[in-house]
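K.L.:
Listed below, chain by chain, are the residues.
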Amino acid sequence: MSSAATDSDASPESVIAQKAFGDSGRSERFNRWLNRRMPPANSITLNQRKIFILPTRQGLIFALLVCAMVMAGINYQNSLVFALAFLLASLFMVAMLHTYRNLSGLSLVAGSTRPAFAGEEAEFTIVLKRLGDRTYESLQLGWNPNLMANANLVKEEEARVRLFVKAKRRGRYNPGRFLLQTLYPLGLFRAWSWIDLDMHTLVYPSPIAGGEIPSTTATSQEEGELILRDGAEDFYGLREYQPGDAIRHIAWRAYARSETLMTKQFAAYADRRVWLEWDHFPGMDRESRLSRLCYWVLQLNSRNDEYGLRLPGLEIQPGRGEAHRDGVLKALALFEID
Amino acid sequence: MYQIPRNALALMLVSIALVILSHVMRLPIWVTLMCIGCCAWRVMVFHGRWSFPGRWVKAFFVFGSFLGVGFGYGTLLGLEPWVGMLVIALVLKLLEMHRKQDAYTVVVLAYFVALTEFLFEQSIPYTIYMYVTITVITSALIGLNQAEVSPKAAFIKASVMLAQAIPMMILLFVLFPRIGPLWTVPVQSNVAKTGVTDSMSPGNIAELVQSDALAFRATFEGEVPAYSQLYWRGLVLSYFNKGHQSWTQERPGLYGRTLQGKNDVAAWKDNMEYLGDPVKYSVIMEPTNQNWVFSLTLPEMTEQERLGLVRDFRFYSFQEIRARFQYELTSYLDYRTDVELTDFWRHRYTLLPEDDNPRTRALGETLRADSISDDDYLSQVLRHFMAEGFAYTLKPPMLEGNTIDQFLFETKRGFCEHFAGSFVYLMRAGGVPARVVVGYQGGEFNRRGNYVAVRQFDAHAWAEVWMEGQGWIRVDPTAVVAPQRIQEGLEFAVEGEEFLADVGLSPMKFRSTLWITELRLQFSALNHYWDAWVVGYSPTMQMELLNRYLGKIDRKTMGMYLLGGFFTIFALVALFLLMKRSSRKLAPVEKEYLRYCQYLAGQGLARAVGEGPIDYGRRVASARPDLAPGINAVTNAYVRLNFAEDRPGEPELLRKAYRNLRIRSFA
Numbered sequence: 517m518s519s520a521a522t523d524s525d526a527s528p529e530s531v532i533a534q535k536a537f538g539d540s541g542r543s544e545r546f547n548r549w550l551n552r553r554m555p556p557a558n559s560i561t562l563n564q565r566k567i568f569i570l571p572t573r574q575g576l577i578f579a580l581l582v583c584a585m586v587m588a589g590i591n592y593q594n595s596l597v598f599a600l601a602f603l604l605a606s607l608f609m610v611a612m613l614h615t616y617r618n619l620s621g622l623s624l625v626a627g628s629t630r631p632a633f634a635g636e637e638a639e640f641t642i643v644l645k646r647l648g649d650r651t652y653e654s655l656q657l658g659w660n661p662n663l664m665a666n667a668n669l670v671k672e673e674e675a676r677v678r679l680f681v682k683a684k685r686r687g688r689y690n691p692g693r694f695l696l697q698t699l700y701p702l703g704l705f706r707a708w709s710w711i712d713l714d715m716h717t718l719v720y721p722s723p724i725a726g727g728e729i730p731s732t733t734a735t736s737q738e739e740g741e742l743i744l745r746d747g748a749e750d751f752y753g754l755r756e757y758q759p760g761d762a763i764r765h766i767a768w769r770a771y772a773r774s775e776t777l778m779t780k781q782f783a784a785y786a787d788r789r790v791w792l793e794w795d796h797f798p799g800m801d802r803e804s805r806l807s808r809l810c811y812w813v814l815q816l817n818s819r820n821d822e823y824g825l826r827l828p829g830l831e832i833q834p835g836r837g838e839a840h841r842d843g844v845l846k847a848l849a850l851f852e853i854d
Numbered sequence: 039m040y041q042i043p044r045n046a047l048a049l050m051l052v053s054i055a056l057v058i059l060s061h062v063m064r065l066p067i068w069v070t071l072m073c074i075g076c077c078a079w080r081v082m083v084f085h086g087r088w089s090f091p092g093r094w095v096k097a098f099f100v101f102g103s104f105l106g107v108g109f110g111y112g113t114l115l116g117l118e119p120w121v122g123m124l125v126i127a128l129v130l131k132l133l134e135m136h137r138k139q140d141a142y143t144v145v146v147l148a149y150f151v152a153l154t155e156f157l158f159e160q161s162i163p164y165t166i167y168m169y170v171t172i173t174v175i176t177s178a179l180i181g182l183n184q185a186e187v188s189p190k191a192a193f194i195k196a197s198v199m200l201a202q203a204i205p206m207m208i209l210l211f212v213l214f215p216r217i218g219p220l221w222t223v224p225v226q227s228n229v230a231k232t233g234v235t236d237s238m239s240p241g242n243i244a245e246l247v248q249s250d251a252l253a254f255r256a257t258f259e260g261e262v263p264a265y266s267q268l269y270w271r272g273l274v275l276s277y278f279n280k281g282h283q284s285w286t287q288e289r290p291g292l293y294g295r296t297l298q299g300k301n302d303v304a305a306w307k308d309n310m311e312y313l314g315d316p317v318k319y320s321v322i323m324e325p326t327n328q329n330w331v332f333s334l335t336l337p338e339m340t341e342q343e344r345l346g347l348v349r350d351f352r353f354y355s356f357q358e359i360r361a362r363f364q365y366e367l368t369s370y371l372d373y374r375t376d377v378e379l380t381d382f383w384r385h386r387y388t389l390l391p392e393d394d395n396p397r398t399r400a401l402g403e404t405l406r407a408d409s410i411s412d413d414d415y416l417s418q419v420l421r422h423f424m425a426e427g428f429a430y431t432l433k434p435p436m437l438e439g440n441t442i443d444q445f446l447f448e449t450k451r452g453f454c455e456h457f458a459g460s461f462v463y464l465m466r467a468g469g470v471p472a473r474v475v476v477g478y479q480g481g482e483f484n485r486r487g488n489y490v491a492v493r494q495f496d497a498h499a500w501a502e503v504w505m506e507g508q509g510w511i512r513v514d515p516t517a518v519v520a521p522q523r524i525q526e527g528l529e530f531a532v533e534g535e536e537f538l539a540d541v542g543l544s545p546m547k548f549r550s551t552l553w554i555t556e557l558r559l560q561f562s563a564l565n566h567y568w569d570a571w572v573v574g575y576s577p578t579m580q581m582e583l584l585n586r587y588l589g590k591i592d593r594k595t596m597g598m599y600l601l602g603g604f605f606t607i608f609a610l611v612a613l614f615l616l617m618k619r620s621s622r623k624l625a626p627v628e629k630e631y632l633r634y635c636q637y638l639a640g641q642g643l644a645r646a647v648g649e650g651p652i653d654y655g656r657r658v659a660s661a662r663p664d665l666a667p668g669i670n671a672v673t674n675a676y677v678r679l680n681f682a683e684d685r686p687g688e689p690e691l692l693r694k695a696y697r698n699l700r701i702r703s704f705a
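Residue numbers (our numbering), protein chains in the order written: chain A, 517 to 854; chain B, 39 to 705.
Hint data in this document are derived by calculation from the structure and do not stem from the laboratory. Heads up, the beta-carbon is just placed ideally off N, CA and C, and yes, glycines get one too. It is possible that some hints are incorrect.
Unchecked claim - Covered stretches of chain B, going by a simulated chain A footprint (3 or more residues, C-beta under 8 Å):
id	region
1	173-183
2	242-251
3	570-580
4	652-661
Unchecked claim - With a cut-off of at most 25 Å between alpha-carbon atoms, the simulated SDA-like pairs for lysine to any residue come out as follows:
id	chain 1	residue 1	chain 2	residue 2
5	B	Lys-629	A	Ile-577
6	B	Lys-131	B	Gly-75
7	B	Lys-138	A	Arg-573
8	B	Lys-594	A	Met-609
9	B	Lys-131	A	Ile-577
10	B	Lys-433	B	Ser-409
11	B	Lys-307	B	Trp-383
Said to hold, decoys possible - If you want the ones that stay clear, here's a sample from chain B, every Cβ over 10 Å from chain A, calculated:
id	residue
12	Thr-165
13	Lys-195
14	Met-206
15	Leu-313
16	Arg-485
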């Protein structure tokens with residue numbers, strides 16, 4: 517499984533590991549209401565059920581300005597002052613429509629996600645799409661109201677926005693609803709929506725250095741790791757001659773065929789397979805052990821070693837490579853989490 | 039700290055420049071310089087060369103300009119000082135833009151300064167200018183909320199939004215309940231008084247008629263009276279001031295009650311007898327900052343709150359006319375007034391200072407001795423004016439000392455005030471009650487607007503004499519000397535002299551050039567409608583209009599109409615904005631091909647439904663062999679562009695093929 521792939525196969529009852537920033541401001545009841553009104557889905561098109569709109573502080577000040585202008589019109593009995601006041605009052609109403617329009621009809625689709633280690637930021641890609649000639653400007657979205665990403669859909673048909681959100685605890689992480697809002701065009705109104713694209717990602721335990729891993733042990737051709745080494749007996753293959761190679765290893769027959777100097781290679785099998793075991797870290801609690809294990813997974817993977825994982829009730833056979841690492845990390849992430 | 043986007047700042051500076059520019063003539067020069075300084079400072083801050091002013095510097099600016107405005111205007115409580123302070127606050131706030139919120143404050147202040155402009159000016163060009171200004175301010179507001187600010191896009195967006203706001207604005211303008219002022223507000227001060235004044239000495243009307251400014255416009259219901267009948271009575275001057283040698287108003291308090299409202303009662307009310315047909319008219323007066331109101335004699339009493347009918351049969355406004363003022367009157371051009379004159383008034387109206395203008399006095403006594411009656415005396419005096427070589431001129435010689443003697447016996451060249459003043463003096467010298475009336479005479483009839491426009495150069499002075507059994511009758515000595523003045527207007531009476539010599543290029547000088555006159559009359563009619571219907575849209579007018587079109591309605595029904603109408607329009611705008619528009623824009627290739635199909639359809643060879651371009655081309659080519667090569671070229675180009683491969687930039691090919699086809703078919 518690639519690290520950037522979406523966990524779209526996640527079971528619906530997967531754990532919401534942590535509430536996102538944006539959630540903190542909403543009550544449980546409001547969340548339930550939101551879930552009924554716009555249930556999480558991978559693709560959402562905004563309509564009047566999903567868009568909220570209210571005047572901003574600036575909008576209220578603007579409304580006060582209009583009232584003051586009407587007052588001036590009354591006291592000066594001046595028709596053109598009235599006209600200006602009414603023009604701005606109507607502009608206020610039109611601004612509401614334009615702000616609403618700047619969200620309405622917009623489609624949001626869940627994009628890829630990138631897992632994170634606990635305490636770091638997970639990445640979620642959200643794809644914004646527009647249909648027809650409706651344009652969208654100055655959209656802001658994100659989980660953290662103080663750190664919103666901007667998006668424009670004027671000439672482009674779709675925009676990809678990468679959002680980062682801090683993942684606190686390991687597990688399967690659903691950051692919850694994020695905020696999509698716009699103040700465009702006049703800043704007098706704020707139209708917004710709380711959107712849940714049903715996105716998940718994995719949060720691995722945060723790696724903590726420590727503990728010792730028992731080093732290489734058994735030697736056998738079946739289970740061992742191939743180590744290229746001079747002086748070994750088993751012929752392994754040919755490679756191009758490099759200055760310094762022993763002359764007795766030159767493959768003269770191949771030279772006669774291809775007129776290229778080739779060196780024969782010999783290899784021996786050394787067992788570098790490591791078992792990462794729950795029991796290597798006695799006296800620690802579960803999370804500490806998982807963090808140590810995670811650290812060693814990263815270490816072994818960077819050394820390109822072969823390793824397996826043994827947890828209570830779970831065993832992953834040794835292997836190497838990105839896919840193997842991700843599998844092991846996923847097991848660590850989801851260990852004893854229902 | 040909030041850093042305003044570069045283009046948003048540019049838009050903001052432009053809008054500030056526009057709002058201040060409209061006020062610049064009214065602002066002291068140091069305020070303007072300060073505005074420029076603050077804007078420049080803000081630009082330097084933006085470029086990072088200077089920093090924002092510190093707290094003490096700001097405090098100094100605020101306090102200093104506060105004092106400056108106070109001393110500069112002499113007060114802090116007028117309209118102009120308020121505007122001055124508002125402008126200063128606007129530019130100082132520019133130097134205090136630390137948060138986004140401050141930028142909003144600047145925009146709100148800019149809107150408000152723009153509003154104050156309307157307290158001074160309400161003409162059409164100004165309104166257009168202010169509309170543009172409001173658009174720019176709105177685009178500055180958009181700039182604050184755009185992720186990537188483009189001034190052009192912001193301006194277009196602002197224009198579109200304002201255009202969409204206009205229907206709702208019009209409804210609010212018409213239906214929003216207009217009520218009277220809630221409290222008194224400072225008004226423009228130190229404004230020059232314009233128009234005729236309450237003192238007339240030789241030369242001051244001749245000065246007034248150097249201006250082509252509008253005095254008022256009168257719209258008549260029905261026929262407009264003849265030019266020579268249009269005597270707009272403004273003031274009655276019946277006291278000769280010896281020291282200034284000028285005619286002034288009667289001492290206040292002598293007249294008794296001023297009539298207010300139709301049913302008001304005063305002892306002298308019965309001295310007015312209305313004869314003949316009523317003439318109804320409505321007048322829109324330009325602000326004069328004086329109290330005089332103009333009417334045709336003899337006016338009926340009116341319900342207009344501000345107006346009172348004075349003992350000498352003219353109206354008076356209780357407040358100075360500081361803004362354009364509209365009133366409706368009914369007059370009877372045929373009338374009788376003061377058929378009986380008490381001894382007291384007979385004394386007042388024949389009163390002359392002791393021992394001045396002896397020669398005039400002597401002349402009066404001689405002529406009176408020669409005449410058999412007051413009537414005859416009047417004729418003799420007029421004959422004197424006719425026969426003794428008097429001339430009507432815009433540039434009368436300066437008079438000193440006993441000005442009436444000097445005019446009657448030496449210079450003999452004068453303007454209407456010379457004739458009216460000396461005539462009344464002569465009449466009084468002969469013991470006939472007489473008084474001077476000042477106002478306007480004539481006016482230009484505008485057929486488009488069915489109104490008469492009266493300008494400052496129509497200012498005039500004439501006389502009234504009291505005749506036994508007839509009461510006051512109007513006598514215009516100018517009519518004797520220069521009849522054209524009364525029948526046609528000033529510029530015909532002063533032929534040979536330069537009319538409006540002191541005014542630069544004025545369209546009024548070209549009254550004899552037809553198309554200029556036509557253009558001017560059209561624009562003037564437009565102005566008139568603007569003033570009457572937009573600027574002059576008052577609570578009474580609102581009620582009248584609504585009663586006419588919606589029937590008798592009360593405030594509550596009006597509110598229902600207002601809300602209902604408002605939300606209907608709002609819903610329509612919403613529908614227009616939020617409707618899904620399915621009409622995709624056609625690619626240039628498609629557009630060109632459609633034109634080709636339409637052209638052939640016009641030739642009777644319409645493309646059948648579902649017919650492919652190749653089949654169609656073949657069919658048309660066989661039907662019109664003459665066009666076959668052209669049609670094949672178009673078909674080939676279209677097919678290649680659409681179905682063969684993606685070749686950008688090639689629509690030109692199709693366009694060329696189509697053009698060739700048209701050229702060929704034409705040949």
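K.L.:
All the hints need checking, so say for each whether the structure fits it.
P.N.:
Evaluation of the provided hints:
no.	hint	result
1	173-183	holds (count 5)
2	242-251	violated (count 0)
3	570-580	holds (count 5)
4	652-661	violated (count 0)
5	Lys-629(B) <-> Ile-577(A)	49 Å, violated
6	Lys-131(B) <-> Gly-75(B)	13 Å, holds
7	Lys-138(B) <-> Arg-573(A)	12 Å, holds
8	Lys-594(B) <-> Met-609(A)	23 Å, holds
9	Lys-131(B) <-> Ile-577(A)	16 Å, holds
10	Lys-433(B) <-> Ser-409(B)	34 Å, violated
11	Lys-307(B) <-> Trp-383(B)	16 Å, holds
12	Thr-165	6 Å, violated
13	Lys-195	6 Å, violated
14	Met-206	4 Å, violated
15	Leu-313	37 Å, holds
16	Arg-485	26 Å, holds
Going through the hint list in order, the structure does not satisfy hints 2, 4, 5, 10, 12, 13, 14.
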